[in-house]
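Spelled out, the chains give:
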Amino acid sequence: MAFVNWLKRRLVVIAGLLTLAYLLLPNVVVTVFSFNNPKGRFNYTWQEFSTEAWQDPCGVSGLCASLSLSLQIALWATIGATLLGTMIAFALVRYRFRARGAVNSLIFLPMAMPEVVMAASLLTLFLNMGAQLGFWTILIAHIMFCLSFVVVAVKARVMSMDPRLEQAAQDLYAGPLQTFLRVTLPIAAPGIAAGALLAFALSFDDFIITNFNAGSTVTFPMFVWGSAQRGTPVQINVIGTGMFVVAVLLVLVSMLIGNRRNRQKA
Amino acid sequence: MATLTEAPPVAPPAPERKPPRRRGRWTPYLLLLPGLLWLLVFFALPVIYQASTSVQTGSLEQGYEVTWHFATYWEALSEYWPQFVRSVLYAASATVLCLLLGYPLAYLIAFRAGRWRNLIMILVIAPFFTSFLIRTLAWKTILADGGPVVDALNALHVLDVTAWLGWTAGDRVLATPLAVVCGLTYNFLPFMILPLYTSLERIDPRLHEAAGDLYARPSTTFRRVTFPLSMPGVVSGTLLTFIPASGDYINSDLLGSTDTRMVGNVIQSQFLRILDYPTAAALSFILMAAILVVVTLYIRKSGTEDLV
Amino acid sequence: MKTTKDTNAPGDSGDVRLTGIGKTYGSFTAVHPLDLTVPEGSFFALLGASGCGKTTTLRMIAGLEEPSVGTVHLGDQDVTALPPYKRPVNTVFQSYALFPHLDIFENVAFGLRRRGIKSVKKQVDEMLELVQLGEQARKKPHQLSGGQQQRVAVARALINHPKVLLLDEPLGALDLKLRRQMQLELKRIQTEVGITFVHVTHDQEEAMTMADTVAVMNAGRVEQLGSPADLYENPRTTFVANFLGTSNFIEAEVDSASGGELVLEAGGGKLILPEARNSAPTTAGGKVLVGVRPEKISLTHADDAGEIPGGRNRITGRIADSSFIGVSTQFVVDSPVCTDFEVYVQNIDRDARLVPGAEVVLHWNPAHTFGLDAAQDIDAGVETVEEEVA
Chain C
1 MAFVNWLKRR LVVIAGLLTL AYLLLPNVVV TVFSFNNPKG RFNYTWQEFS
51 TEAWQDPCGV SGLCASLSLS LQIALWATIG ATLLGTMIAF ALVRYRFRAR
101 GAVNSLIFLP MAMPEVVMAA SLLTLFLNMG AQLGFWTILI AHIMFCLSFV
151 VVAVKARVMS MDPRLEQAAQ DLYAGPLQTF LRVTLPIAAP GIAAGALLAF
201 ALSFDDFIIT NFNAGSTVTF PMFVWGSAQR GTPVQINVIG TGMFVVAVLL
251 VLVSMLIGNR RNRQKA
Chain W
1 MATLTEAPPV APPAPERKPP RRRGRWTPYL LLLPGLLWLL VFFALPVIYQ
51 ASTSVQTGSL EQGYEVTWHF ATYWEALSEY WPQFVRSVLY AASATVLCLL
101 LGYPLAYLIA FRAGRWRNLI MILVIAPFFT SFLIRTLAWK TILADGGPVV
151 DALNALHVLD VTAWLGWTAG DRVLATPLAV VCGLTYNFLP FMILPLYTSL
201 ERIDPRLHEA AGDLYARPST TFRRVTFPLS MPGVVSGTLL TFIPASGDYI
251 NSDLLGSTDT RMVGNVIQSQ FLRILDYPTA AALSFILMAA ILVVVTLYIR
301 KSGTEDLV
Chain U
1 MKTTKDTNAP GDSGDVRLTG IGKTYGSFTA VHPLDLTVPE GSFFALLGAS
51 GCGKTTTLRM IAGLEEPSVG TVHLGDQDVT ALPPYKRPVN TVFQSYALFP
101 HLDIFENVAF GLRRRGIKSV KKQVDEMLEL VQLGEQARKK PHQLSGGQQQ
151 RVAVARALIN HPKVLLLDEP LGALDLKLRR QMQLELKRIQ TEVGITFVHV
201 THDQEEAMTM ADTVAVMNAG RVEQLGSPAD LYENPRTTFV ANFLGTSNFI
251 EAEVDSASGG ELVLEAGGGK LILPEARNSA PTTAGGKVLV GVRPEKISLT
301 HADDAGEIPG GRNRITGRIA DSSFIGVSTQ FVVDSPVCTD FEVYVQNIDR
351 DARLVPGAEV VLHWNPAHTF GLDAAQDIDA GVETVEEEVA
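Residue numbers (the UniProt record's numbering), protein chains in the order written: chain C, 1 to 266; chain W, 1 to 308; chain U, 1 to 390.
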């Protein structure tokens, strides 16, 4: 009875932790299998321990080239989408203009549409225009679908900002440009950073839209997809594990710095 | 330590939302122009092109022409309705599973995690940073024939039940609907958890106390207070899960078989392999229209208009 | 007033009894084990600054906080182990905690519905009339003003006819004028329904206006318990003396005792203190803090010192500052025995000579003097700028 009570009180916690395990299990598998030495072309069953792949992560032809291409596209797509998205977000929150409803829908729709629909329709456009599929078509597509997410992230931050802060800056002799650079931008920065981070992650990891519009260009997700058909090298797991570790470390470090700053302020 | 006994200060009055605007009537339009142009040219225009492609006839060699051939829609639907039905079923199952699995975790992070909150949050988001294709491939290992998971399910006779329901076949999990739904659920779970967490976290914990004080036992408190207040998160979470899941073809391709093909698979192969553009465009257009109708109805029904 | 009815007969009472109740969080003690009895039907206030443990004490009565030690009794029933939803106690939360997704009617009906009462309409309507919100029944909480929300919170709790109504800083979010109004309103409701109210506040004026009995808490302990007048006139510690109103203190030495009076010496002068009003140990030569409230003191210009009747305690000084506040003038007087002596003088016949720099004699009836143990912090409980809330 005591055990049943104990269980009842912790039901949510136990269920939540089980979900967390479900979320993390594939990452564990990816990491473990980065030390596998598979027989044959596919890395799906455990054979024996080996650090071979870790010693030569670029040992598969095309892997690191696709990785670097994905990073480049993600970088440019982030810059493009963040710039355009931030401008839209400011216009939406800070100004009145006609057709606000239409503008809002145009921003909302790309997020409410299955990727495959966007991918297919964009491909029809490119085919009709006779565009050469490759780096540029991928970049155009990525900026397009990242844009809305940046708008949402920045808008949320700018909306929660007290407009009186800008009035205060102007009262204290800051011109419009200075007000923007010294007050508005720093306060909106966390929202912009969040939007940019999201854009980078979305672009870097995008497969469906890229698959349709890449032509023969191979990004990292395309490489993984291709290898799922032809044979999965262990190096894929090495890259996957590396990304996971780097991401967690970056987040932890930034949190520690943030904590220390907060403590110093307090 | 004062915070333990004293409630937080009352929020300051909300700043006025839309101040009368400053000089520069053209500024908003200049700010909007580049981004909106981008969306118009590369999002809206393609949809129109696609609509036009869907009513074209012709062949790849001789080129296509708009002939208002609406029969393509009928043909596409009559040939591929099983894939449509499957897409809806799989996406709906994955959405329900995401809600059932995601709610406890979101609740745990919002109310019970204490100092572990940030760590759990990181663990929820961190998998995002490993390519989802790699992680989806890992499910091939986890659900492999004769692997520990399948063996355990077999020993517990779970697979007998799921096979009877038509979710699995024989003593396999891979290449069955169950594997696809499992992959979809896994892939879109964070999209459920994050909005749920956001709306749960906004709930004043004193509302729970107030409900308890007014004779609601914990389960009633959840039903009458917590869940209704988390509805915005439930609505946006289910949308963020259902929409991408309904168009997904990766999980079906990697974890399923030809019997689990969804509409996304058909669109993909029509466009990229068979090169039957009108049929592909028609299918894509139907999917888009269906999603828009579902989303509009759903948002109307749940009364949460401000999702953007 | 119903509140004065005698309910001290043991056995059948609905008193709230806290026995040895205490709360610790790790190494921090929020509430030191304390005993407290709140008589049935009384209006009881827990008064103290932020973090003194008053809210924790209240939450332990409500069942929202589990006591580390001790028990809570409602009448004869030990409710210590009962979860909040099984206690016949209701709370008016700080900033109200109204359910934002329910309208006013449903907020008020919440408790009744949870107890399986089917026909709630009549009761809810009546309760909304009592708090004058009949018109607003179908509005959502955010559409109401702060004062209206506060009344909804009271109605939502009272409709359940709890044995005890707990109020956690219920007026903290209101502006001053509305707060005064609601104080009277709450007092009226309490008199009307006759339910025990336990009220937590940091506002000493609020506590004194509303409560029959006030417990002053400091650092997790009850410093003193009594009626507002008793606490004000006979503080037992410097904390209580300073937290409730303002007090002047003179450090004095015991000279002699006779006929129920202590004769003390301070700065060469003699002061008389009734022994009944002294809480300090009195050995000859021992130290005592002599306290006197600013409004008890009369101020006479040094030129007229001869006109002061005999038998009064007197000290001399020079006016350092004066501020005119309409009904009275507040003087700060520098004296050899005490700097910053505060004196409030009613503006009846104003003496034009009483300006900063003037030499004056302060004098008061010895019966208004109180004595405290000198081995404590003179400034305990003085409100500093940071602590001042609203």
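It should be emphasised that the hints constitute simulated quantities derived from the structure, not laboratory data.
Please read all numbers here as calculations on a predicted model, not as lab measurements.
Cβ atoms here follow ideal geometry from the backbone N, Cα and C, with glycine treated the same way.
Some hints here could point you the wrong way.
[To be verified] Quick partial rundown of chain W residues pointing at chain U, CB under 10 Å, derived from the structure:
(1) 158
(2) 162
(3) 163
(4) 204
(5) 206
(6) 207
(7) 210
(8) 212
(9) 213
(10) 216
(11) 220
(12) 221
(13) 222
(14) 224
(15) 225
(16) 231
[As the list claims (entries may be wrong)] Computed beta-carbon distance windows for the label pairs:
(17) 116(U) x 187(C): 47 to 53 Å
(18) 187(C) x 85(W): 48 to 54 Å
(19) 62(C) x 60(W): 27 to 33 Å
(20) 62(W) x 61(C): 48 to 54 Å
(21) 59(W) x 61(C): 57 to 63 Å
(22) 190(C) x 58(W): 51 to 57 Å
(23) 7(C) x 118(W): 22 to 28 Å
(24) 69(W) x 50(C): 53 to 59 Å
(25) 190(C) x 69(W): 49 to 55 Å
(26) 64(C) x 63(W): 36 to 42 Å
(27) 167(C) x 351(U): 49 to 55 Å
*Kindly indicate which numbered hints from before are broken by the structure, ordering the numbers from low to high.*
Those not satisfied are hints 1, 2, 3, 13, 20 and 21.
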